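Engineer: Assemble the complex: chain A is given as a structure, and chains B and C must be docked to it using the hints.
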Amino acid sequence: MGQAGCKGLSQSLLDYKTEKYVIAKNKKVGLLYRLLQVSILTYLVVWVFLVKKGYQDTDTSLQSSIITKVKGVTFTNTSELGERLWDVADYVIPPQGENVFFVVTNLIVTPNQQQKTCAESESIPDALCYRDSDCPPGEPVVAGNGVRTGRCLRVGNMQRGTCEIFAWCPVETKSRPTKPLLGKAEDFTIYIKNFIRFPKFNFSKTNVLDTKDKAFLKSCHFGPENPYCPIFRLGSVVSWTGSNFQEIALQGGVIGIQIEWDCDLDKAPSECNPRYSFSRLDNKFSENSISSGYNFRFAKYYRDGAGVEFRTLMKAYGIRFDVMVNGKAGKFNIIPTIINIGSGVALMGAGAFFCDLVLIYLIKKSHFYRDKKYEEVRSVMLLPLQPGGTFVGAPLIRAPLPGLETLPWLDGNAWCVTAGPLGGPLEGPRKVECSENMLYRAGFCLRAAGRRKGLQRPWAGDLVSRPDSAAICHVTSDKSEASLGLSFSLRERASTYVLGFLDLVVLVGWG
Amino acid sequence: MGQAGCKGLSQSLLDYKTEKYVIAKNKKVGLLYRLLQVSILTYLVVWVFLVKKGYQDTDTSLQSSIITKVKGVTFTNTSELGERLWDVADYVIPPQGENVFFVVTNLIVTPNQQQKTCAESESIPDALCYRDSDCPPGEPVVAGNGVRTGRCLRVGNMQRGTCEIFAWCPVETKSRPTKPLLGKAEDFTIYIKNFIRFPKFNFSKTNVLDTKDKAFLKSCHFGPENPYCPIFRLGSVVSWTGSNFQEIALQGGVIGIQIEWDCDLDKAPSECNPRYSFSRLDNKFSENSISSGYNFRFAKYYRDGAGVEFRTLMKAYGIRFDVMVNGKAGKFNIIPTIINIGSGVALMGAGAFFCDLVLIYLIKKSHFYRDKKYEEVRSVMLLPLQPGGTFVGAPLIRAPLPGLETLPWLDGNAWCVTAGPLGGPLEGPRKVECSENMLYRAGFCLRAAGRRKGLQRPWAGDLVSRPDSAAICHVTSDKSEASLGLSFSLRERASTYVLGFLDLVVLVGWG
Amino acid sequence: MGQAGCKGLSQSLLDYKTEKYVIAKNKKVGLLYRLLQVSILTYLVVWVFLVKKGYQDTDTSLQSSIITKVKGVTFTNTSELGERLWDVADYVIPPQGENVFFVVTNLIVTPNQQQKTCAESESIPDALCYRDSDCPPGEPVVAGNGVRTGRCLRVGNMQRGTCEIFAWCPVETKSRPTKPLLGKAEDFTIYIKNFIRFPKFNFSKTNVLDTKDKAFLKSCHFGPENPYCPIFRLGSVVSWTGSNFQEIALQGGVIGIQIEWDCDLDKAPSECNPRYSFSRLDNKFSENSISSGYNFRFAKYYRDGAGVEFRTLMKAYGIRFDVMVNGKAGKFNIIPTIINIGSGVALMGAGAFFCDLVLIYLIKKSHFYRDKKYEEVRSVMLLPLQPGGTFVGAPLIRAPLPGLETLPWLDGNAWCVTAGPLGGPLEGPRKVECSENMLYRAGFCLRAAGRRKGLQRPWAGDLVSRPDSAAICHVTSDKSEASLGLSFSLRERASTYVLGFLDLVVLVGWG
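First to last, the sequence lines map onto chains A, B and C.
According to the numbering used here, the first sequence holds residues 42 to 552 in order.
According to the numbering used here, the second sequence holds residues 42 to 552 in order.
According to the numbering used here, the third sequence holds residues 42 to 552 in order.
If you're looking for bench data, these hints aren't it; they were derived computationally from the structure.
Each hint should be verified, as a subset may be incorrect.
Copies of the same chain look alike in the list, so a pair counts if it fits in one copy or across any two.
Unchecked claim - Restricting the straight-line Cα-Cα distance to at most 35 Å, the calculated cross-link-like pairs of lysine-lysine (DSBU-like) are: (1) 356 to 225; (2) 112 to 157; (3) 259 to 157; (4) 225 to 308.
Because the structure is a prediction, the values reported are computed rather than measured.
With the rest of the complex left out, here is chain A (with noise of 0.2 Å):
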């Protein structure tokens, strides 16, 4: 690039290139096109960014630590197990405190069992037998407690008994209680504490009101006015999930726990404060389902003063309850800002697409709009003369102008012909003699001619037989290459029209 390029380049840098744009007077579309645009902008204000907050960068990723607290005691008294408390050391599995932890309702306790032989339970149909035969020794009982030993044990005359197993004897037989164990555990508390911090922001928050009045957390009860006392009474707990406290506590159940930060840190920080909702986890709709509930079984484990092993094996019912933060921080930031209102604007490019299709394919006068819209530019190819081929008076070579049909009042027949100079290059322009009604251009002699289109009757003719009609080339010569301007202009009655203008980059070369 030389110079003049440079300069060139340096000065239309500067130059800012703006679409051309149409304007089609056309109020259905217009209004079409008005209504995609508040929609678009009633979407991005209210949507986006009062409702999304799409002016905000965003932390998701929060750090939250949870510790959970039960309180509560409950006093029992069953034939099997006598009078009994329970503290939290007891029914609470595990008691680390952690987001997950489960209270248990109730229980089903297999006191004293040993590794020893005994019968297997009844209810187990794998371990039913007649003989001794059904009862091959050392394999374990399917779904059972465990291994046979081979003998089958029928109580007095019964036909039908168990197998023998070596197992923790005696085997778990009683089934669950009807009424749970401990039903007062309604009036437990849960206290949980919750710290999060959003490292993006560097902000963090607990849950737990910040004061040094020890009184406070042993009194306080979480409500709408006190929520920043996340002491939760069990049975509201349950209660607010939709279920029966009761039911539950027999059967056990999932409780889930959901605390939500969802922090607009432009405001202030007391603003940002947690939401509680609670949820039942385990498939509350199918109570009668055998896949309902929630229990397992665990085992405390002993020595007598002989040093044997014994366990009290623990079939244990209860609540568990699962503690899920969820967060989300917003800050104003100018990145998320200004992106959100690019798609916005884009989404108008979507919108103004959409009302293009409307206006160039769908209205009655679409035909008009797309002949608008849309400018014709092409290049054509002609065949290359022959040199030193006369042209004055000799046929030319007519080269269709594929444009042409587009000329509204021209017919398919129109054509532009060209004629290089005799036997010479392309540069350097010589004195040729062009035909009658040709222009001499750039070392061309040029002639177009149309015939007007949907007339029966011929329209004044070719345009080249009238001394007043004319088309010029104008020929622009670079190399082997040719911009031509085509113009149609009429003259009638004393009057000079113009009637069209065609660009056509035309492509000559000598053979």
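Structural biologist: Then chains B and C, alone, in the frame of chain A:
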């Protein structure tokens, strides 16, 4: 659609339609646009591509597995427990080595609790009593340890006592030691083994050096020179969070250990390294708050020779470690690359939109550019002519052309009049004699007129009143609609000047 | 803004402005653009809409609850433990049935440990000693089991011994068995109950067949024909991860069980099915690495008749199962649909941008299309004329027109000269005699001139020097600014040819 239409469609399918731009040689707006372009490009390249690696497909759903192991023993000698050695099985709860584990650092032990009656602790307000009636039998003490039996126990001659309760007796009465029992836990080590896998890219890695040298993991310590030896001294971890070990050992606390894997899989796998960060997750900001610290109670259950159950209650203070793994892997993918470039280009559209607003509304010459940018086209509705009416010499219906006022040199009085053929349909032209200064086109007689705007003296009179000025309404007929291209030209001093063009669609109908 | 302005505004509000397009009849670029369009459309339809279901609003924050239950018993007979039956309460840690649980498959038991003094294990390097002074009393053995008492214990005549320590004695000395103790755990079954809920759509489902047939869950096994029976054989799970059960049982390991819910809520709820996948989460790739496997130590605490505490230490090897639930639900929503379509259209804009680059820079005829695409407008600053100056015959100020050089048939010497009325303001036209070849417009005398570019022989001389060629500067005056439309036309052979148009804004002032 006919055969010709099909051919035209298939031809126009390969046309490329490109927006027409107006080059506004306005340096200010040009500079503004270039600045916006550079900003967006910089944003795209630096932020989207270099920082956010927008050319990569990312996988954030990593599969992670954590195995932790604490090592270390310590020896204590207290009046309560006597000489005692603490090893991992004693002080780590739970023992499984999962991602959340707790190291006991302080302990209140209440040994040999049995289910019987005793006096409630004096520190519980609800248990205070003056007489037996203050202790309704069967009612649990609020935030207490047992159920009231109905008696008020007063020591000596004290007026005030505490209710007798049925509970695990004796109740816990001691307060927190002032010095942590396991203060030497500072020297314990934590080994954190983390295995991750990005399922989308089937890439897996571990944070432990893959060596067969058994001595390596026994002797190494984590540090900048040993990033693949994830063995941490407990005291160091605490100090990295900015906390004091002896303080946290006394009160308890929660420490988060974040492991972050930010892997660029376009690089070598060895470049994908874990990054560790340590933070205090309970609210250290309020050291003296009643809600700070971390502790829980648990019990070990025993049976004596007579089979009576007793337990040792422990209130454990300590440090809970939450190991959290985050990860992100990215690998080049063509789809996000294209989408990000596309959004960048769309954003440039938004920049152009902004510059357009400046160009056509804010700058001084905005109305000039507005005229250049927007090319007006519209359709005009003409009132139907009466069938059988004559128009030669008769007053024609003057349809004001709403578009004409935008021609800068005509005032609002410009109009175009049309007249259809006598009594005939639009199709098929007829020989019609048009009156003077009118032109015959496609079956219409057309006349246009206007007055030069902004001049007091008439500007060469009406266009129609001079033989050397004329308007051409070239009309193409398509049923009831005609496209009308109106050009104004003027002959003066033997030259013909084309003054302007206006495109209109005229809808004509006969009643 | 006046009343007229308001009316104009309200009218133009319903105008639809559509981009003007230039149709480039270039088959290559057209084909390229169509290909890009088809690619983007395919991407949009296939990837965004069919694969990614971009027309749906999605919820990925599912609430999930997992309940697990292991079943199976096994019998072992070792010299250490004697005959022993293992049931769930023995080998599942922790017992609660949460999403992470551990099944013991191998065990090193060190029974009857008591707090006393004994020799440290010989496998610990730090405990080796030759004399008592090697064992500083009170110092814990690094990576050992206790605290040194100060004595060096040598067996027989050995020179080397180990320090005596205070610890849980005897210390663990056995090494890992070469055959897994609970090798038959292969036949245990895991029952995984998973309840999920998508809160946004209030849709919940469980992975267990909702039946009242109690026998179903007792007999069924997971398989393609039984997807709603989530009961897995432990050995099968291990083999599905590509591991060998006996190996993993020996060393321990971690297995991840992923449950994926990918729900299309536009379909029936029964189409929303869980998908299970199983993977090994510890680094199986380095079987012999020292860091492979999974084990931990825990203890069972007892008291003997005298109240002395003793414990059984167990080093448990086994399989940890991590059940992980992922989920995504989608439901048709108009907003993401519109946004995705909009981004697709915006992406087409990016495609057009790319094709534009090709069209106007890369192809051979690019400069031609560049000229067609960009229409140049600019404003020109003219120097103020001297008040009272005469311009008839006097040298006029020649303002070079920077835009003229873009007219292809004029060289850079083109100019337009203007002259204001004698001593008067711009408003109000006066009768001014313009010199020859100048035109009077809106109070200005205008003349334009140029020279045909690229031709050695002068092209009909200066435009102004021929009576049949002329330039019209039509001027509208607006205070100190005049819009100037310049058209070049040429009369030749009795025809008038309009050569081109150039729009300029001329700022004129009088000092």
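Engineer: Have a look at residue 356 and residue 225 and pick one of within, between, both or neither, based on CA distance no larger than 35 Å.
Structural biologist: Both: 19 Å inside a copy, 24 Å across copies.
Engineer: State whether the alpha carbon distance between residue 112 and residue 157 is at most 35 Å within one copy, between copies, both, or neither.
Structural biologist: between (39 Å within a copy, 20 Å between copies)
Engineer: Given a CA cutoff of 35 Å, do residue 225 and residue 308 count as a within-copy pair, a between-copy pair, both, or neither?
Structural biologist: neither (44 Å within a copy, 45 Å between copies)
Engineer: Evaluate residue 259 and residue 157 at a C-alpha cut-off of 35 Å and name the case that applies: within, between, both or neither.
Structural biologist: between (50 Å within a copy, 26 Å between copies)
Of the hints listed earlier, the one the structure fails to meet is number 4.
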